[in-house]
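2 protein chains.
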Amino acid sequence: MKTIKVNLGKRSYSIIIGNNAILKAGRLIKELKIGSDAYIITNATINRLYGLNLQKILRASGINSKIKLIPDSEKSKSLELAYSLIKDISRFGQKKKIFVIAFGGGVVGDLTGFVASIYKRGIAYVQIPTTLLAQVDSSIGGKTGVDLSQGKNLVGAFYQPKLVLADTRILNSLGQKQLSSGLAEVIKYGLISDKKLFDFLEANSKDILAKKQSALEFIVGACAGIKARIVSADEKEERGLRTILNFGHTIGHAIETAGNYTKYSHGEAVALGMLTVAEISKNLKLIDAATLKKIETVIKKFKLPSKIENLNLNKIIKAHYLDKKFIGTKNRFVLLKKIGRTKIAENIPLETIAYAIKKII
Amino acid sequence: MKTIKVNLGKRSYSIIIGNNAILKAGRLIKELKIGSDAYIITNATINRLYGLNLQKILRASGINSKIKLIPDSEKSKSLELAYSLIKDISRFGQKKKIFVIAFGGGVVGDLTGFVASIYKRGIAYVQIPTTLLAQVDSSIGGKTGVDLSQGKNLVGAFYQPKLVLADTRILNSLGQKQLSSGLAEVIKYGLISDKKLFDFLEANSKDILAKKQSALEFIVGACAGIKARIVSADEKEERGLRTILNFGHTIGHAIETAGNYTKYSHGEAVALGMLTVAEISKNLKLIDAATLKKIETVIKKFKLPSKIENLNLNKIIKAHYLDKKFIGTKNRFVLLKKIGRTKIAENIPLETIAYAIKKII
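Top line first, the protein sequences correspond to chains A and B.
Here the first sequence is numbered in the working numbering, starting from 1 and rising by one per residue.
Here the second sequence is numbered in the working numbering, starting from 1 and rising by one per residue.
Chain A with its partners taken away, still in its complex shape (with noise of 0.2 Å):
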């Protein structure tokens, strides 16, 4: 078991990470003082699989708790949703000290963190992320949000949770492409802060496919702890700090639009997205064609795509220009300078990104 902290004065709070993490649940909370009552938002198979458990170790510690079922996909995290989840949890009681717990993957973590910033002017919130993706990210650093259809979490609030509970043995649950698709951010944390990361997935990818518990605590853990020192330094992304964590995220959000969401996951997204600055810094002379050979290959073992497939170049380079982070015309890229480290570059011109993009179509 392994505990991170993310400093934020008044607002910090712990990462619990490993196998059975879940079980501490109950007193964990109850030394925290956050309330009595439990409102807990999860999926149905992630309440199917351990839904009455959690109740049960909540109620050891004398936590009353309600679960509440919603959508797991991206179409719950609406505003609409969000209001009827807030009008549900005042019918839980007005006079109980209600506090919420978000179970599940990002969708239920953004969206009940966005809930618990606006009931009553913010109340106590719990993160117990149940995918890969939301252990290694989303739980962590207090971005909660909504879509309109104008854009994805347009709506939203930076919101920290008073815990982050990391179980990684609910992580079984997942199946391949839900794995991989987490895999992808923890081998961008790699890239971007940490080289021994790196390291042990490329010499790992094995035990991590299998899921070896181990394994999973290892890769966990190294993630938070770099989610953490980053989000304690740059908590609402004013200091330009957190943008290195949108390493490889700006053509892969490109590709994800391009292909309607439903082409690639958001981590097969992000590897290719990885792939093609991997490329650019290479053609800028920043890393050598090793180490982009290096990435490939680490992508290729985790089952990532490497390739991108029944999209054409005009689309990704149009969904490209239409990405909420750019002003005007001006464009900001997170380049890589070895594994493990990164330059910010600007204005990269257009016929680099598509000599990037083209080298993997």
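Please keep in mind that the hints were generated in silico from the structure rather than gathered at the bench.
Heads up, a few of these hints could be off.
Put simply, identical chains are the same to the list, so a pair is met inside one copy or across any two.
BS3-like, lysine-lysine: derived pairs with alpha carbons at most 25 Å apart [claimed, not checked]: (1) LYS330 / LYS97; (2) LYS315 / LYS337; (3) LYS338 / LYS315; (4) LYS87 / LYS75; (5) LYS120 / LYS87; (6) LYS95 / LYS66; (7) LYS359 / LYS75; (8) LYS30 / LYS206; (9) LYS330 / LYS96; (10) LYS303 / LYS177; (11) LYS2 / LYS318; (12) LYS211 / LYS177; (13) LYS95 / LYS195; (14) LYS236 / LYS95; (15) LYS152 / LYS87; (16) LYS359 / LYS338.
Use these hints to put chain B onto chain A, whose structure you have.
Frame of chain A, contents of chain B only:
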């Protein structure tokens, strides 16, 4: 012209108070570098009187703007309207650097602040309060929110504005009843922490009711100063310092609720609430009968009620126990030790409360 600072580290901001303060809107906002496109939320009356003028002032500083009218009633404080405003803002232009202006009373301010707090995880907003109540109270301190059928302000955020511009000349547009409603809060500030302000009110009621600019500037400045000091010390109501701002409000809210929000305005109900707690304070021998009389006299001078009419005791008591500030059966009152000095008391017996209410029925 008076400037008061709310000190909250990175979230600090200025309150500018005075005759024609609005003329400075363009220059001040430009200096803040919060954006180039203002989405102004206001009501029809304020828009007719000052809308074009504000747009002209902004344009002179290179700020483009759009006016959005909302109905000026508590019903506007809904999640549905917040949602539709957010969609409208996102249509205003995603490539623009948008900020929001709340140009109206408390309803406009609470709703606008909430919308600003959740759009793109928080965009800048400016308060230009146009009622006395909003200038001395709701525009300062970052409490934003909308109502649910289960209760007022059940959804919201603590989210500070970047600037508050309190133009006392705009108060000329207020009717007698609206002015008096705001004056109840002004009396409150005098009672809880500023004997000089209370003495000023006692001596200058005619000038104030005649909306003499120098008198209005003095009282708005004094109140904003007190509120700014309290908010600076206890932004999120965690240290209990903001509690004294609830002076007269616990019973006041019960009276408002018992009267279905139609019999008494907020200020009128607060005046009656203040009289009730002054009576309790007298009965607990914290203040003498002469002080109580003095308070009653000032309340009457400002055309605020000193007797509860057409409401029965039981209805008020029942509404009192439904107040969201009560958890379980505990109650908590801000009492008066002398003019300008309060004392917090818990678990005041029901008979004591009922006895005090009966005195003014």
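Checked hints:
no.: 1; hint: LYS330 / LYS97; verdict: between (47 Å within a copy, 14 Å between copies)
no.: 2; hint: LYS315 / LYS337; verdict: neither (29 Å within a copy, 71 Å between copies)
no.: 3; hint: LYS338 / LYS315; verdict: neither (30 Å within a copy, 72 Å between copies)
no.: 4; hint: LYS87 / LYS75; verdict: both (19 Å within a copy, 17 Å between copies)
no.: 5; hint: LYS120 / LYS87; verdict: both (12 Å within a copy, 23 Å between copies)
no.: 6; hint: LYS95 / LYS66; verdict: within (15 Å within a copy, 42 Å between copies)
no.: 7; hint: LYS359 / LYS75; verdict: neither (33 Å within a copy, 57 Å between copies)
no.: 8; hint: LYS30 / LYS206; verdict: neither (38 Å within a copy, 57 Å between copies)
no.: 9; hint: LYS330 / LYS96; verdict: between (50 Å within a copy, 14 Å between copies)
no.: 10; hint: LYS303 / LYS177; verdict: within (8 Å within a copy, 71 Å between copies)
no.: 11; hint: LYS2 / LYS318; verdict: neither (43 Å within a copy, 51 Å between copies)
no.: 12; hint: LYS211 / LYS177; verdict: within (13 Å within a copy, 70 Å between copies)
no.: 13; hint: LYS95 / LYS195; verdict: neither (51 Å within a copy, 37 Å between copies)
no.: 14; hint: LYS236 / LYS95; verdict: between (33 Å within a copy, 20 Å between copies)
no.: 15; hint: LYS152 / LYS87; verdict: both (23 Å within a copy, 13 Å between copies)
no.: 16; hint: LYS359 / LYS338; verdict: within (20 Å within a copy, 79 Å between copies)
Comparing the model with each earlier hint shows violations of hints 2, 3, 7, 8, 11, 13; every other hint is respected.
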